[in-house]
Structures are given as C-alpha cells and as structure tokens.
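**Student:** Protein chains in written order, with the numbering used here: chain A, 1 to 405; chain B, 1 to 143.
Don't read these hints as lab results, they were simulated from the structure. Just to be clear, a hint being listed does not mean it is correct.
Listed next, the in silico DSBU-like pairs over lysine-lysine satisfying Cα-Cα at most 35 Å (straight line) [unchecked claim]: (1) Lys42(B) <-> Lys21(A); (2) Lys339(A) <-> Lys399(A); (3) Lys322(A) <-> Lys53(B); (4) Lys53(B) <-> Lys20(A); (5) Lys53(B) <-> Lys99(B); (6) Lys339(A) <-> Lys42(B); (7) Lys21(A) <-> Lys12(B); (8) Lys399(A) <-> Lys60(B).
Only part of the chain B face toward chain A is listed, based on derived beta-carbon distances under 8 Å [said to hold, decoys possible]: (9) Leu5; (10) Tyr6; (11) Tyr20; (12) Gly21; (13) Phe33; (14) Leu36; (15) Cys37; (16) Gly61; (17) Ala63; (18) Val64; (19) Arg118.
Partial list, derived from the structure: chain A residues whose beta carbon lies under 8 Å from chain B [claimed, not checked]: (20) His342; (21) His344; (22) Asp345; (23) Ile349; (24) Gly360; (25) His361; (26) Ala375; (27) Gln401; (28) Ile403.
Glycine is no exception: its CB is placed at the ideal position from the N, C-alpha and C atoms.
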Amino acid sequence: MLDIAKIRADFPILEKQVHKKTLAYLDNGATTLKPNQVVSAVEKHYKEECSNIHRGIHWLSERATESYEATRGKVKELINADSTDNIVFTSGTTAGVNLVVQSYGRNKLNAGDEVIISAMEHHANIVPWQMLRDEKGIVIKVVPVFEDGSLDMEAYYSLISDKTKFISIMYVSNVLGTINPMQEICDKANELGIPVLVDAAQAIAHMPVDVQELNCTFMVFSAHKMYGPTGVGVLYGKTEYLEAMPPVTGGGDMILSVSFDKTVYNVAPYKFEAGTPNIAGVIALGAAIDYIQSFDWKEVEEREEELIEYAHEQLQEIPGLKIIGTAKNKSGAVSFTMKDIHPHDIGTIVDRSGVAIRTGHHCAQPLMESFGIVATARASFAIYNTKEEVDQLVKALKKVQEIFA
Amino acid sequence: MKNQLYQQTVLKHNREPRNYGDLDPCSHHAEGFNPLCGDEVKVYMQVENDEVKEIKFTGKGCAVSQASASIMTTALVGKKLDEARGQFNDFMKMASGEKQDPEGEIAAFAGISQFPSRVKCAVLSWQTFNAALEGADNTISTE
Numbered sequence: 001m002l003d004i005a006k007i008r009a010d011f012p013i014l015e016k017q018v019h020k021k022t023l024a025y026l027d028n029g030a031t032t033l034k035p036n037q038v039v040s041a042v043e044k045h046y047k048e049e050c051s052n053i054h055r056g057i058h059w060l061s062e063r064a065t066e067s068y069e070a071t072r073g074k075v076k077e078l079i080n081a082d083s084t085d086n087i088v089f090t091s092g093t094t095a096g097v098n099l100v101v102q103s104y105g106r107n108k109l110n111a112g113d114e115v116i117i118s119a120m121e122h123h124a125n126i127v128p129w130q131m132l133r134d135e136k137g138i139v140i141k142v143v144p145v146f147e148d149g150s151l152d153m154e155a156y157y158s159l160i161s162d163k164t165k166f167i168s169i170m171y172v173s174n175v176l177g178t179i180n181p182m183q184e185i186c187d188k189a190n191e192l193g194i195p196v197l198v199d200a201a202q203a204i205a206h207m208p209v210d211v212q213e214l215n216c217t218f219m220v221f222s223a224h225k226m227y228g229p230t231g232v233g234v235l236y237g238k239t240e241y242l243e244a245m246p247p248v249t250g251g252g253d254m255i256l257s258v259s260f261d262k263t264v265y266n267v268a269p270y271k272f273e274a275g276t277p278n279i280a281g282v283i284a285l286g287a288a289i290d291y292i293q294s295f296d297w298k299e300v301e302e303r304e305e306e307l308i309e310y311a312h313e314q315l316q317e318i319p320g321l322k323i324i325g326t327a328k329n330k331s332g333a334v335s336f337t338m339k340d341i342h343p344h345d346i347g348t349i350v351d352r353s354g355v356a357i358r359t360g361h362h363c364a365q366p367l368m369e370s371f372g373i374v375a376t377a378r379a380s381f382a383i384y385n386t387k388e389e390v391d392q393l394v395k396a397l398k399k400v401q402e403i404f405a
Numbered sequence: 001m002k003n004q005l006y007q008q009t010v011l012k013h014n015r016e017p018r019n020y021g022d023l024d025p026c027s028h029h030a031e032g033f034n035p036l037c038g039d040e041v042k043v044y045m046q047v048e049n050d051e052v053k054e055i056k057f058t059g060k061g062c063a064v065s066q067a068s069a070s071i072m073t074t075a076l077v078g079k080k081l082d083e084a085r086g087q088f089n090d091f092m093k094m095a096s097g098e099k100q101d102p103e104g105e106i107a108a109f110a111g112i113s114q115f116p117s118r119v120k121c122a123v124l125s126w127q128t129f130n131a132a133l134e135g136a137d138n139t140i141s142t143e
C-alpha cells in the first residue's frame, strides 16, 4: 500500500496556504510538484559538484559527468531502452518533437508524403508538423476523436496508405485523460514499416512505459510532468534512426572535431546535445526517476484510478457540470464544463478556495473545436492527491454555482 | 465567499449585457482577442462631432470580459472623445494597480489588479475600444 501521508511529506509545498486555505494542487497535467529528493539533487549539484561535463579533466567535472550520465542509465531502465545511446536529453517534450521533425522529418519526408497525427494532440505535436508542411509540402492527416474522447481507430486504419511516412500520436490526452491504444497504433505502424513517435508526456508518471514492447521508433516526454525539474526532457530513438539523423543544433558536445573546412559530428545521442545542457536538471531528473521507481506501478495505477473514479462520481453530482472525455481507459485528468460559466471564471473562484486547477484550451485548440467548446476546466492528479482534495474542489465548484446562480 | 471580482454588478452585466449587438453602419470598429482563453470582443461606434454618439459590442468569453465590455459601453456613450480617452487611460492605470477613484459601475473593477491572471479579461474591451478609436489596427490581441 502507498503511504500517502509519507508521500505528501516529500512535497512541502502541499502544506502551503493559498488565500488562507490549504492548497489542493490539482494541476499536475501542467506540471507536477517536486519532492524534496529532486530539489535536493539540484542543490547538491550546485553546492557539491558544480562543473561542466564531458570537457573538464578535473575531479569536479568528472563527478558532474558521472551524475549526468547516470541519469541516462536511469532513463534507459525506466522506459526499458536497449542502450543509453538511445536516450537524448532535450529541454522537454516540445523540443523532442521538434528535433524529430527538424532532423528526421526535414531530411526524409518529401512533398506529398503523409504524416498522421490525432485530433487530440496538443500544439507541440501539431505545429512542428505544420511548419514542415509549409516548408516541404507534406500532408497532415488527422485521426478523429469520438464523442466520449476515445480515438477512432477505424479512421486510424483507413487513413494509413502507401503515402503515410510517419505517425505521431500522444499516449495519454492531457485534456481528456484518454489512454490511447498505443500498442495497437505501434503494431500497425511497424507492420507497414512506418516510423512512429509516441508522445508520452502525460503517460510517463502514471504507468509503466516500455519502448521495446511498444516497439516505437521515437518517444518524447518531459521531466517536469514526472516530479522532475522544468527545462529537461527526453527523446528516445531507435539506434538506426538516431545514427542516420543529422544534428539540428551546432556547437558543444555534438562535435568530435572542428576545423574551418570541416566538422566531424559526434555520435548519437551526443550529436543532438549541443552546448552546455541543463546539467543540474538532468541530474534531478535522475532523482525523479529514483523517486518514481521507489513505488510499485500497480499501486500507483490503482491509486490514480481510484482518484479518477471518485472525481468522476463526485463531479457528476454537480448539476450542469459536464465531463469532457469519458473514455473507458483514462489516466490523470478530468476535464469539465459548467453550463455557460466560462472556465476562467471557474478557475479564479476555485483558486480563492485554495484549489489549483487548469482552465483554458490546454494548448489543444483543435480538440476544443471538435467538441464545440472554447475551453474546459481540468483537474489532473498525481501520486500525492487525495479524495479530500477532490471534495475541496467539489465544494469550491458549488461556490461557483452559488455565485453564478 | 467574499470575492471582490465577482460582485453583483459584474454578474448582472454578464447575465444581461447592455448595448449588446452591432452597429451597421458605424464610424469606428475594432476586434479584440485574448488568445490565452479565447475571449473575443468586437466594438462598434458611431462618433459624431467628437462625441461617442453610440457604442455597442458583441463577444464571447468569461464573465469578467463580457461584463467589462458592457459596463464600458454604458460609461462611454455620450462622452466627448477627450473624456472617453481619459476614461480609457484611467481604466488601464487602475488595471495596472495604480490607485484610481473610479466612478459608477467601473468601480466593480477597482480590485482587478489583485487578480493578475484576469487583468487581460477586464482590459480587452477597453483596448479594443481604443483600437477602434485610434484606427491604427483593427484587430488587437492581449498577447
């Protein structure tokens, strides 16, 4: 059993009073809070081993390099990658998608080639492809989403043709909470030899993710949605792909030798890590992985399922409240609207009750359009959340109703 | 719950906005967007002899943005342009936290600077009014 009191003690910010109310932090889809272990890792790096990596031959640099590279090993274990060479550190999910688009996409895709994404993608998995479309004339095909928030898998199959050259789809929707049938999506892509990118930003802290089992070509995620620091992310890529891809940013660790005539690029993953990276951040990501790995996935999933179910039950009791996204398989988030009350008004009022939720379009405007709404309010959960916090939200939502009655 | 932002005045104007609709023809017109939340306001004016003869708006969005637009139209109609510009400046100053002594229903937004994430909602219609008046750019964005 997860010891929630012990877990909550790892997150001192949870004791904070907001507008003189105990904070209920239900905005984990945007970013999770950071445990002491992660904060200490940042502090430890700067206090005890602050140095640049891969270039110093002195003691401090060796220690920093060791800690930095140790995280690569931890990521490899977390997602069951074949080798640490498959793990590229980025600044986040968005940077990971952009790297794939700018390196693989720009070099391998041509006018008329089709890329399949889904209607529930957040902007980070739409806009980079549109930029490539404008540059190269590729065609973007979009898998629609059913009313309940699940992906139309028949449409997915029907969109695939011999023109399909890439598939890029999120594992879990940040708005709807839907868990997409990623294995099925990857199986079909692999059967046809189409590279597939899995955006695991909203999955990585909520369920075990196995890149070898999925057999995906690429996977991207961010440290800050898995109890780690902001400004750090991971791109996983299959060896043969990473090796063939050119770097997109020049300088620093991505180089083996430079003369004014010629530059020899480093091998993957280093050729994608130009400049001095977020060293403390990567080290702290390692601490976040240790933290996640200290729990049993089964217990984490059960706990979160229980919370989501409870939130659904309680929220449905509120007259006029409509849950957006009721797919059978859900994780992490519950989005809702309340009649004609704008979600930003909901957000401000519940904030005054100490409840932090996200309101707006969640960087997924096309998805909002497909549901005929401009925005939703979203409660999203993490390992430290409790049913009492859901109750606090429900109580705050009743105040919203009173005010707008 | 004591909540300075959602006073009865704001809720009333949100529920029953004044001067809602368009003016065709009109002498001044502009559209304003808040891309963060999708709020939009369109302001239409008939200006004659340096006076805001008529002013109307359409839009959709949160209670704060819609009430602010509604209250703005009631405050500006019949005003000389100099006066209207002055009210715009006063409202913007109030929104940025500079102490003002607003008169009438505008006072409902006196505490808006205490809600930094909502300031854009309140100023959207005013900025759109200003854009319409100055005619510099017919589409404005709060971002």
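**Student:** It remains to establish, for every hint, whether it holds in the given structure.
**Tutor:** Against the structure, the hints:
| no. | hint | result |
| --- | --- | --- |
| 1 | Lys42(B) <-> Lys21(A) | violated, 38 Å |
| 2 | Lys339(A) <-> Lys399(A) | holds, 14 Å |
| 3 | Lys322(A) <-> Lys53(B) | violated, 43 Å |
| 4 | Lys53(B) <-> Lys20(A) | violated, 47 Å |
| 5 | Lys53(B) <-> Lys99(B) | holds, 30 Å |
| 6 | Lys339(A) <-> Lys42(B) | holds, 23 Å |
| 7 | Lys21(A) <-> Lys12(B) | holds, 28 Å |
| 8 | Lys399(A) <-> Lys60(B) | holds, 23 Å |
| 9 | Leu5 | holds, 6 Å |
| 10 | Tyr6 | holds, 5 Å |
| 11 | Tyr20 | violated, 15 Å |
| 12 | Gly21 | violated, 19 Å |
| 13 | Phe33 | violated, 11 Å |
| 14 | Leu36 | holds, 7 Å |
| 15 | Cys37 | holds, 5 Å |
| 16 | Gly61 | holds, 6 Å |
| 17 | Ala63 | holds, 5 Å |
| 18 | Val64 | holds, 7 Å |
| 19 | Arg118 | holds, 6 Å |
| 20 | His342 | holds, 4 Å |
| 21 | His344 | holds, 4 Å |
| 22 | Asp345 | holds, 5 Å |
| 23 | Ile349 | holds, 6 Å |
| 24 | Gly360 | holds, 6 Å |
| 25 | His361 | holds, 6 Å |
| 26 | Ala375 | holds, 6 Å |
| 27 | Gln401 | violated, 12 Å |
| 28 | Ile403 | holds, 5 Å |
Going down the numbered hints, you'll see the structure goes against 1, 3, 4, 11, 12, 13 and 27, while the others check out.
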